[in-house]
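K.L.:
The chain contents come next:
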Amino acid sequence: MFEARLVQGALWKKVIDAIKDLLTEAKWDCNSTGITLQAMDSSHVSLVSLNLRAEGFDTFRCDRNLSMGINLSSMSKILKCAGNDDVITIKTADDADTVTFVFESQNNEKVSDYEIRLLDLDTEHLGIPETEYSCVVKLPAGEFQRICRDLSQIGESVVITCTKEGVQFSASGDLGTGNIKLAQNASADKEEEAVVIEMNQAVTLTFALRYLNFFTKATPISNQVTLSMSQDVPLVVEYKVADMGYLRYYLAPKMEDQDD
Amino acid sequence: MDMKRSFGKGVTGNRNGPPNKKTRVQDEEEDPSAFEEELALMDEVENELAGDDVEMLDCMGSGPAYVSTSSKWSRPPVPPLNPKLDRIVFQQIDVDHYTGRHMPGMPGSTVGPVPIIRMFGVTMEGNSVLAHVHGFAPYFFVPAQPGFKEEHLGTFKDALNNTVLKDMRSNKEGINQTVLAVEMVSKESIYGYHSNRKVPFLKISMAIPRLIAPAKRLLEQGFQCPGYSQHGFQTYETNIDFEIRFMVDSDVVGCNWIEVPPGKYNLRDKENLSPNDPKHPPQKSRCQIEIDVSWEDFISHNPEGEWSKVAPFRILSFDIECAGRKGVFPEPDKDPVIQIANMVVKQGKTEPFIRNVFTLNTCAPVIGSQIHSFHKEDELLAKWAAFICEVDPDIITGYNIQNFDLPYLLNRAKHLKVKNFVYLGRIIDTISVLKEQTFQSRQMGKRENKVINIEGRVQFDLLQILFRDYKLRSYTLNAVSYHFLQEQKEDVQHSIITDLQNGNDQTRRRLAVYCMKDAILPLRLLDKLMCVINYMEMARVTGVPLTYLLSRGQQIKVVSQLLRKAKEQDLVIPSHKVDPGEEYEGATVIEPVKGYYDVPIATLDFASLYPSIMMAHNLCYTTLLNTSIIQKEGLTQDQYIKTPSGDYFVKASQRKGLLPEILEHLLSARKKAKTDLKNEIDPFKKKVLDGRQLALKISANSVYGFTGAQVGKLPCLEISQSVTAFGRMMIEQTKNHVEERYTVENGYRYNAKVIYGDTDSVMVKFGEEKIQETMKLGHEAAEYISSKFVDPIKLEFEKVYFPYLLINKKRYAGLFWTNPQKYDKMDCKGIETVRRDNCRLVANLINTCLQLLLIDRNPNGAVEHAKQTISDLLCNRVDISNLVITKELTKTDGEYAGKQAHVELAHRIRKRDPGSAPQLGDRVPYIIIAAPKGTAAYMKSEDPIFVLENNIPIDTQYYLENQLSKPLLRIFEPILGEKKAESILLKGEHTRTKTVTTSKIGGLMAFAKKRSNCVGCKSVLDREGIAVCKHCQTKESEIYQKEVSHLQSLEEKFSRLWTQCQRCTGSLHEDVLCTSRDCPIFYMRKKVQKDLGDQDKLLERFGPPSW
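Protein chains in written order, with UniProt numbering: chain X, 1 to 260; chain F, 1 to 1107.
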């Protein structure tokens, strides 16, 4: 028996919206410590890693380890049926081939439940080892989303240069070039507007904007986003999920000789 | 001297003696290859027959004249000929003409240049013959000006002559008489009904064919004959090829037998014995017998009875190999020709009597064939050209020789300045040159071809024939041989060829065997498909030279027949100006009542519908009327008919049409050929007769097409639209007759219903459950309805479909019964099983489902099978060769308007490895791979081998939705119902299990760590280097054994596949190089190879076995 109840049901909606464009289906691994999801997109350029700890849920019960294969577009369709203020409970029996979503309205006047069929997915378990990064940049999530969207008007890839002074995003294309500089601004009035850079070594890396734009779909989850970078290793884009865990994206850097 | 040695090798190769075939089969270890064995066997058989070894001479003739150096190569010697007593009989195979001088004693113009017809052929004894036919002059007709008097013919001639002369820009040949004669003749135009009145025409004979065009232009522009007013003449028969004109007038048809009686010809001598005698010029060709004859003096035999035989033509098939550089398609000015394999067969024999290969550098002997090694490439080419001249083939074939082999050889020889290479034809002083030509026809679309003139030899490129006659998924020689012969060959990439050439004499031997196989396969295919016989019969039936059938469109065949008939009736054909007109309504289709029919469905067909309509209603150019003619001639209602399209034609009582007559002739000839076929016992003659009846059928049907071809020589919309209108009407009438008569009221058990009808057939559901009963009703209905139509229109009952699945217009499937005991076959029309633009998975799945549905009558089984296949697809269990889609690369990148998958892929492969990139005209194989959302479909194509090697995930969803779903739903909807089919097949339980493969490439793969799973329970392991988790530790040895046995099964599978490939390659002690993209075995072998590697790694995790 697996059951997880979350009062702020809207969080589920945000999480699904953040990954459904990158993955078509995924395995949700559940155990007593929480729910994790780890999967690469089909072209093996990026990886999504989601971790929701058990204590973040209002009630959480998982009798034995199980992994649920779910088609994410189906899941998104179901979650659209939930109101923003609804309490969402996800549950399944141990050997069932379906998963049930229960939506309760705030005032307990309305309870709806939806069931979707599970998929049996046979995949390999891949992960990126944790390492120390040369640069860790923390910036407002909305700002990052804006940067990625704006620069994708100019070109297909963005060059991120991180120095002590600040971080620069630049793109160039047929119509010209674009540069956005953010200065370190740890002492901002509001915490969510701060730009904080921790660095050991300056880095310059190139990434495909196409994927970054997929990642920034997670913006509603958190006010701040963290970019961790080292030379020639994948970028980590992390959104904290309040009190529960994180949603991380890994993206391979573009090599110089690659043209697309 | 090298030559001598290598000849010796070829022969002494027999020293070991070809081993007994039976012992070989048992002992496969020693088996060199099936193909080599075949070669050896051919040698054995031959030696038994001949009794003695063939002697090879030291040198080959290198002069351009015909030289005989080896009794095996050259033609049999000519028996002594006495022109006064001996007749010469030969089958002509090619007709052309040249411009020469008048020969004394021959008819025709005596001054200036004259056209001379050349007929090449072979006698029954196998001697080659060239006949120069003198005295035939080209001509055309114009209607005489009103009031033109016969005594002014001379004036007309001189005036026209002067006008044409003045018009000529240059006059190199020194023509001073362009117009030879003008005669007054009584003729009638073929176009329209003229109450059978002939009117005076002028027959204008010109000096040479080239002059017809200016004469025509000048006459049409307006020409003034002294004493008459200026007049724009309409010209007749100006656009007739000179050869056709000659053949029509002398009753010669393509490939028929020509007899030259004794005393009527002059035999030419090899050397110029009498240089001053213009009647005895020396031989101009490499033919054994060369004669001069007047066009009035030879006898042309109709290809009937005794004269339907076929002479022992020599058919040469060859193939070349070039040593290309890596990454570039061979270019004749850089890459050498390293081998040329030749196979020569006599028409009517199955095995070639000459089997050899010309190699650059040494080559180990191959039993059953001769190897001629050369140190220098120019020597090789020169000797090959000499070989051609000596073998003197009548037909040259091969695979894509027209656009690759021959042009390459010519360009290469030119580059190396090889002397005498260009003299490949039979005419001594004519060189073969390369030209580019664009050919366009409805049948084949637009194609760019290279054309090489080889006088007297017919180039019969098998690839061109296949393009013309067959629609195939792939046109590689390998795919084609597999399709028709179930025989595979090794497909060696051209980059490997260079490596083999640079190896030792054994690797070159390997190449030689490969090359010879490529040369023999076209011969086998020609034999199997009976191309030569069928084309020859087509030439005989339609009366055009053999070469025309390959190089020209359909129309020339009808023109030739029309001319022959028109000549008999003093009709002349106007020269039509090309002017594309309006379209007309085509055939009708009765709206299908879609569904799955579990009762027998009878099919009623009109036999030769369009020809019989034309015959029944006397539709022809000569019977065409319009309202003004009807009034002028005062025709009464019963003398003409009005067709359903509103056109008028006179009835046969007034004038019998020419086209109906041609058709009657063709159809009665076909009937005769069919009866002869039944009575004939000789298998070779049977083939000839079968080829003929087929040719006759095709010809009869092409007559209608000719009248409808707007860009044709003589289109007549009134005829073609009347024909289709009659056809439509008859289909409707048949439907009504059937449904009126076969009703319960009339005492039948059920009401019959016409469920579908198309062009010339209707499908009737009589309602009876028994096939026997349905057949009885079918026969009865056919007879009853035939009686309602004008003779010779006949409705035939041929077959019953039971069960029958009617999907849509022109899409149906059913079991085909012609007798009630056993079904004949499963017949599918317009269903994916026969289409080429999808992957093989679709064709196989649909085919199996149809078989389960129709033959086994097991709809549940069919559904289960479809589900299983879909599940296999999603779990990545489908063999990759089944997912390959191929498309032809027809244009260069820039020319494609939209981006297309195969073009993009070709582009990407070119970047990766330019050598293996597809060339223009290749069919590009590709796989659709998974890609992020929103990626355009054309970017998702990938090379199958690349996919296989890198384990790239396949876009299974694409295959399910874009390839499988539509065809599957089409066949299952009539059975399961529309909504249900989709939810059962595409959304069911079986679609919920998926395997996601992990690619070896992709940006993140370099960084990602694969966490090992426990071999036993698949849970993620805490540390690396171990095989099982702690829960499974107890079962470790059991798991280990299971994995070892899996490894063994993979090893066994691989060994089998490898052996299969070795057999196909024909060698057991050499590596298999084949990378044939058409071969499912190749993909399987690659896949197992990879799986084997993975499995091996997995076993290593258990650590070294220890006790």
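In short, the hints are calculated from the structure, not lab data. Cβ atoms here follow ideal geometry from the backbone N, Cα and C, with glycine treated the same way. Just to be clear, a hint being listed does not mean it is correct.
SDA-like mimics (lysine to any residue), calculated; alpha carbons at most 20 Å apart, straight line [as the list claims (entries may be wrong)]:
1) X:Lys-217 to X:Asn-65
2) F:Lys-1010 to X:Lys-77
3) F:Lys-1010 to X:Asn-51
4) F:Lys-651 to F:Gly-192
5) F:Lys-1009 to X:Ser-49
6) F:Lys-987 to X:Thr-131
7) F:Lys-1000 to X:Ile-221
8) F:Lys-435 to F:Glu-448
9) F:Lys-933 to F:Thr-998
10) X:Lys-254 to F:Arg-912
11) F:Lys-980 to F:Lys-1010
12) F:Lys-1010 to X:Thr-131
13) X:Lys-77 to F:Glu-448
To list a few chain X residues with every Cβ distance to chain F over 10 Å, as calculated [as the list claims (entries may be wrong)]:
14) Asp-41
15) Asp-63
16) Leu-118
17) Leu-121
18) Ile-128
19) Arg-210
Over the 12 Å line for every Cβ pair with chain X, so calculated as not near, a few chain F residues [said to hold, decoys possible]:
20) Ala-159
21) Pro-275
22) Pro-281
23) Asp-429
24) Gln-486
25) Cys-875
26) Ala-901
27) Gln-957
28) Glu-989
29) Thr-993
30) Lys-994
31) Ile-1026
32) Gly-1103
K.L.:
Identify every previously stated hint that the structure contradicts and give their numbers, smallest first.
P.N.:
Numbers 1, 2, 6, 7, 11, 13, 14, 16, 17, 18, 19, 25, 27, 28, 29 and 30 - these are the hints that the structure violates, sorted from lowest upward.
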